[in-house]
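Chain A is fixed; fit chain B onto it per the hints.
For the record, the sequence lines run as chains A and B. Sequential numbering of the first sequence, starting at 220, is according to the numbering used here. Sequential numbering of the second sequence, starting at 4, is according to the numbering used here.
By construction, these hints were calculated from the structure, which means they are not laboratory data. A couple of the hints might just be wrong.
As the list claims (entries may be wrong) - These stretches of chain A come out as covered by chain B in the derived footprint (C-beta under 8 Å, 3 or more residues): (1) 270 to 281; (2) 310 to 324; (3) 332 to 345; (4) 480 to 491; (5) 572 to 578; (6) 594 to 608; (7) 632 to 642.
In this text, a Cβ means the ideal position worked out from N, Cα and C, and glycines have one as well.
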Amino acid sequence: MEENKDLADFAIQHAIELGCEYVEARLEHTNANGFVIKNGIPQISSFNKISGLGIRFLINKELGFLSTNDLKKEVIKRLLEKAIKSTKVGSRIGEETKLADEEAHKDVYEVKQKIKLGNVDPEEKMKILLDAEKEIMGLKINVPGRFISLSDQVTTEYLVNSDGTQLLATVPKVSFFYFLTIQENTKTSQRYWQYGNSGGFEFVKKWNVAKILTDEVMAQHKNLKQGIKAPKGKMDLVAAPQVVGIMVHESAGHPYEADRIFGREAAQAGESFISPDMVNTIIGSDVVNVVDDPAIENSYGFYKYDNEGTKARRKWLIKEGKINEFLHNRETAVYMDLKSNGSSRAVDYDKESIVRMSNTFMLPGDYSEEELIEGVKHGIYMKNFMEWNIDDKRLNQKYVGAEAYLIKNGKITDHVISPKLEISTPDLYNAVDAVAKNTEFHSGNCGKGEPMQAIPVWFGGPSIRLRNVRIK
Amino acid sequence: MEAEEIANYTKNQLLKKGADDVIVTVGTDNSTQVKFANNKINVTKTWDTIELGIFLAKDKKIVSTSIKDFSYRTANDTILALMKFVKSAKPNKEYEGIAEGPFKYKEIEDSFDKKIIDMNDKSIDLVEQGINKALEIGAKRTAGNLEFSNSKIYLITSNNVEATDKSTSIYYSIRALVNKHASGHMVSVSRVLDKLSINDTAREAAEIATQSINPKYCDEGQYDVLFHPYAFANLLFNLGGNFSVFFVESGLSCLQNSVGKKIMSENVSLYDDGTLKNGFASSKFDAEGVPTQKNVLVDKGVVKTYLHNTSSAKRYNTNTTANAGLIVPEPHTLILQNGSYSKDELVQETKRGIYITNLWYTRFQNVQTGEFSTIPRDGIFYIENGKLKNPIKGIRISENLLNIMKNISAVGENSLQIKGWEVESPVVTPYVLVKNINITKPL
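Looking at chain A on its own, in the form it has when it is part of the complex (with noise of 0.2 Å):
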């Protein structure tokens, strides 16, 4: 990395000499570990290592961006100069696009990690995923597709901009998936999820990752087994923590992406039902307060600031049941006359930074999830799901629970399959009348941009109720 500091700052000098208005240099270091099995058998190893300079100017008030892994001062020089002709070229029918004032900041910050992932052997990263396998076989219950995947990597990224920002930022990462399917006779079930935190090999120690495994079998097994078929109607519902955090991030964060807002992902995932001039419209019922929040310490989503130099900071995007702010980066802040709230990210150093969440959730209420279900007479408690989907706008959305449960005079009683809530946003928050403190946060890769971007998140909030609800 210090060896080449020096072409992100000859970046930026070249770029302002050829006539930017702005120009910033992100240089990535990432060195990534990944390890697969499938049904007990090591698919592969991998590791790589990538190391490369993203840079994004303005040129006749057009941006302009490109990425180069070369790392020679003649090779940037070239790039750069054939990208801001292109650049420039292009503004003839180009936006004119503003950024908005931001403040320079210098910071060297860290995640810090108990356990380094360098000091971890790969064989004991294996042996995570081939101990919970043996723990699964030894369940006796019939899981025909196992797949299980654990990743690592630590990413240090210099980013300089011609405003005077100079931020170095080392964030370690670890993850693992699963897919698992659940047999039973001739039925099958099956059942994806992935956890994720900023820091080190501790986490994947504290997740346990056999128990989380076994647990999932035992719990979809049982569901498979037991379940009875889902009744159909009007009836409450209580979603547990991994629906809500699907909820709010489908409904309550894509939405209030000021990009879709303003169209700029029109023809990629889309724009937004939510105009500028609805802040402050009740969008839900007084209980629902959700916010997007990169400083959670260990969070998938972490950073202390964001792509363009903004630090970082909690956004509080439905406030007591009202559309209250949205997520901006520099240039979309123009148009509301705002200053960016840092929520510019970039999942590599080849690709744009754009307008994304980090880590979204609703916020905890005063109830407990027994005294949730206690008021419930006659209902559904949706513990995890499988299927879902929402529209381009993030109007109309559908959770097909995994794990569930009848709810029946305030008492759970037996397992459900496949219960299915398909509702518009509106109703979907008009209808919570309670929320738990019980908060747990999840972990996805977000996709959006073109070419794609698959970016770190959490998601998640405490189990909530919706009262009379349409239950297919």
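Showing chain B alone in chain A's frame:
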């Protein structure tokens, strides 16, 4: 070229240090993307990438790495790291080796065009041309991108394979909107510039948008659905991975135990073709260096084969289908055999139906059984008594993928090659009419 010398050096050193199988690739790629929205260019992106990929097997232990830093010093460090890494790896008992060369390769027709390399700023004119065409038809806003690439791959293996392929490609995507609720989306992909159709693509996106003004809600229930190729490509892309033997074995395929069985409509003949002329993903060889070929996946509803690499094929006592993926075999280009119906005839065939032009967010409850749902996006139209009627909105297809493949009642005569934001590898498909599809919506 120095990178190729480093690749050969790396291969030889790894073999000297005891590796059984080695594959080294050098991939170079120069790409440009012009992204536009609200009828203006937002950003112009330029990428320059060179990457060394190494696959190594020793005593059935498999490791891989990629490096983006070309020097003998880095190569030596990587060789040492790989040999250390492989020591602590665990054997893959299923691994049966890589293909034995040498092979002869055929050139892919229409896979390289110097005009794309020399495009430079012509891309801006093309983007402007498309925006203007869509506005002329009646769209108010457009968004999309034009991306063009120039790539080269050099591949060598420990089993007498040395191969090179160079390619160009161009991808155009445009979404035209009259307002938030009236939009159309279309793409055009090609390996040569002259076969890219900016005007026709922009026109079709804008026509769908202008026809979909003031959409109405419709009832839930069963409808016959006519899929535009852009929409059906999404379903075929999702089906394609199910043919990979890796996913069959992982429980992640709805085609387990299906070879030789008629599980789809008589109207379905499906191919995978790595040699397709002007195919967006066509290449002379797969990831092992085996010459690509055209495979029959489904013949008149009967599943004929899974997709294999050399190792999986040996386990199944068959031949590789030239679809490596060194661990996960994967399709090159899926092709649904076209039929004899015009689009108008397919509409006329439909008594109570829905015409869908785009799909997105396809997600499965159970990949093995095929239960899933997906959301129609952009123009959706009601069909009544053989005629296209009003636009509709707010619906979802909640179905089973195999049911859809069983219920295909007619296939169109003209095919389009589709690649899109969700259709990550290309699919060639005509219009498709499917009976009795379950349509749901929030109530």
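How the hints compare with the structure:
1. Under the rule that three or more residues need a Cβ within less than 8 Å of chain B, the assignment of the region 270 to 281 of chain A holds, with 3 such residues.
2. Taking a C-beta to C-beta cut-off of 8 Å, the region 310 to 324 of chain A contributes 6 residues in contact with chain B, enough for the three needed, and the coverage statement holds.
3. Counting residues of the region 332 to 345 of chain A whose CB lies closer than 8 Å to any CB of chain B gives 4, which reaches the minimum of 3, so the coverage claim holds.
4. Counting residues of the region 480 to 491 of chain A whose C-beta sits closer than 8 Å to any C-beta of chain B gives 10, which meets the bar of three, so the coverage hint holds.
5. Taking a C-beta to C-beta cut-off of 8 Å, the region 572 to 578 of chain A contributes 0 residues in contact with chain B, too few for the three needed, and the coverage statement is violated.
6. Proximity of the region 594 to 608 of chain A to chain B, defined as three or more residues with a beta carbon under 8 Å from a beta carbon of that chain, is established by the 4 residues found.
7. Counting residues of the region 632 to 642 of chain A whose beta carbon lies closer than 8 Å to any beta carbon of chain B gives 4, which reaches the threshold of three, so the coverage claim holds.
In the structure shown, a violation is registered for the earlier hint numbered 5 alone.
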